[in-house]
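J.: Since the structure of chain A is already known, use the hints to place chain B with the ligands on it.
Here is how the chains run, residue by residue.
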Amino acid sequence: MTVMRTRQAVIEALSDEMESDPNVFLMGEDIGSGGPFKATEGLIEKFGESRVIDTPISEMAFLGAGVGAAAMGMRPVVEMMFIEFIGVALDQLTTQGAFFRYLSRGAYQVPLTIRAAAGAGMGFGCQHSQILDQWFRGNAGISLVIPSNPQSMYGLLRSAIRSNDPVVILEHKGLYGERGEVITGEAGIVPIGQARKVTEGSDVTIVAIGSTVLTAKAALDSQSEWSAEIIDLQTLIPWDKSSVMKSVAKTGRLVVVEESSYSGGWGAEICSEVVSKLWGQLKSPPHRITSPDAPIPYAQELEKRYLPSSVYVVAQINELLKTGKSPAAWWEGAK
Amino acid sequence: MVTSLSRRGQLNTEIGRLERMLEIRAVEESIQTLYNDGHVRGSTHLANGQEAVSVGIASVLRPTDVVTCTYRGHAAALALGVTPEGVLGEICGRVIGCSGGIGGSMHLMDASVGLMPTFAIVGAGLPVAAGVALAAKLKKNDSVALTIFGDGSTNIGAFHETLNMASIFKLPVIFVIENNLYGEYTRINLSTPIEDLADRADSYAMRKEIVDGQDVDAVIKAIQSAVDFARAGNGPSLIEAKTYRYSGHSRSDPATYRTPGELDEWKKRDPLDITANKLIAKGTLSQADLEKMKLDIAARVTKAIETVLESDGPDLSTLMQHVSEKG
Ligand SMILES: Cc1ncc(C[n+]2csc(CCOP(=O)(O)OP(=O)(O)O)c2C)c(N)n1
Ligand SMILES: [Mg+2]
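Protein chains in written order, with this note's numbering: chain A, 1 to 335; chain B, 1 to 327.
Chain A extracted, bound-state conformation (with noise of 0.2 Å):
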């Protein structure tokens, strides 16, 4: 057991891959240098050239290039540093790596990984701050993990490097500065699918993934009229429905807390599984703390209010065990 920043469990789950698995490589825009969150830093010299592959300003051409190398059994792990920059490359993810499988009858499998960085709360605008996991949902082929801390960021990502089919791992940028505890090696591997169960608790259960974690933990932490059980669901595609289940069949409430939007947002399936297949158990309707329909903004204080702080939470988590009722969302007739 080591203690180490997100970043580094980046890169150690990147270096740990490459050196059982000769097929693994990396692929993107100034990976060598480390890129600009330092999450590939030490590579190149370590595993050369060969296997840290820099390249030009085309994402279209290296993701199908990923896309490509995979089907022949090679390993990629291509780096897209935002998230939004996949947009100009989408096509050869969501429309033809995706379905290889399908359409070629297992003939062809596509062992992708695709990273990014992904995420608000830091200032850098509302074209490098998204999460974007709307992109992917709904897309029959792909699988999508969003790591919450360093030990899950490096056991998801060898998972990721690890799976047959393409996986994309979102890796919240606010997160890369965060230190833990990582157990490195087999034991460390957090396998895709499965939440995990942060605490226990009995009056209501909380569905969280990546940096919601955090905060719905430390509105939990803040005060202490309720008790929750917070879950970390650490893969969205696919979720642990059967953790979900279980925790709320036990607490009879569930409140999902999302970063991006609310409308589309990834809560809403959890909801609506839920209602359908606890219907009747249910001390409370299910309830959503989303971000508002808004582009990110930019100025500190608007950003801070875009996103569900744990004051927040705490507030609506109030409320709702009070009246029974789902609360109305702070922008709401506020404007």
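Treat the hints as calculated values from the structure; they're not laboratory data. Just so we're clear, the structure is a prediction, and the values are computed from it rather than from any experiment. Keep in mind that the hints are not guaranteed to be accurate.
[What the hints assert, rightly or not] Derived DSBU-like pairs: lysine-lysine, alpha-carbon spacing no greater than 30 Å straight-line: (1) B/326 to A/304; (2) A/325 to A/197; (3) A/250 to A/283; (4) B/294 to B/242; (5) A/322 to A/250; (6) B/326 to A/325.
T.: Just chain B with the ligands now, kept in the frame of chain A:
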């Protein structure tokens, strides 16, 4: 009152253009301190060293022409007319910023002088500029669009798709490559197999020109001929301005990848010195005038910073405004 438009008019004289380049330099050099003092968030991309390209472009275009530019947009915004308060206010997330504080350094805009919100995605400004030019063509007016982007951006699909389309549609658009030799931390020769990026125009049968990006007069001449060509209905041009950025790619980049001595070599051809020396040689300006000019500009930028720091952040309600027509 000083407006972006009135400031644009100041580029009509040689002295006005020199002043603007000095102002851009002073603004760019003030940003590190603002960052150290905690007023700037996220990332900034400075254009010190590249002043002549922006000022040359702005001196030729009409305020009714439209510019799309990248995240490295402080110089273009100031050149086109945005005030130092507007640019620094935006970088500091204040309501007096040119985008009201919601955009930040990478998203400057001013519709009154034709600056669309600057683009933080590489290549994104090119297709939009083509669309602006298409609108001018359909409306049968003689406006042009001009798009500014870097050397590294010539490797993205949007560049190639847009050049081809603009060429066959004969669109009144000017593509300006600011070749500052680096795309992020990578020297252009490591990512691109040709020396002169203007040669990319050949594949699209497009008019091309290479220009010394350190000499504002040369830039003006090149832009003027491309603009005349476009206004006359002859179609697009690709202009490559050879220039250099004195700072790293962004705030977090110390630029250790530069070849030793490269920066000093380029500083010998500083765009501000080149213009000032020309004016001094001609007798339009004395050394004493120049020193006074620099002091005045420094004082103005200091004043602008004070104004910015005294100004508020945008109201929280701004967050939900202009998301769509209905709110
Ligand atoms: C599609 C996309 N890919 C990558 C990036 C990250 N990025 C921002 S600037 C930059 C380098 C661009 O270099 P160049 O075109 O030469 O412009 P310069 O920054 O030198 O002005 C890169 C790779 C981005 N913003 N958008
Ligand atoms: Mg460049």
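J.: For each hint given before, does the structure comply? Return the numbers of the non-compliant ones in rising order.
T.: none
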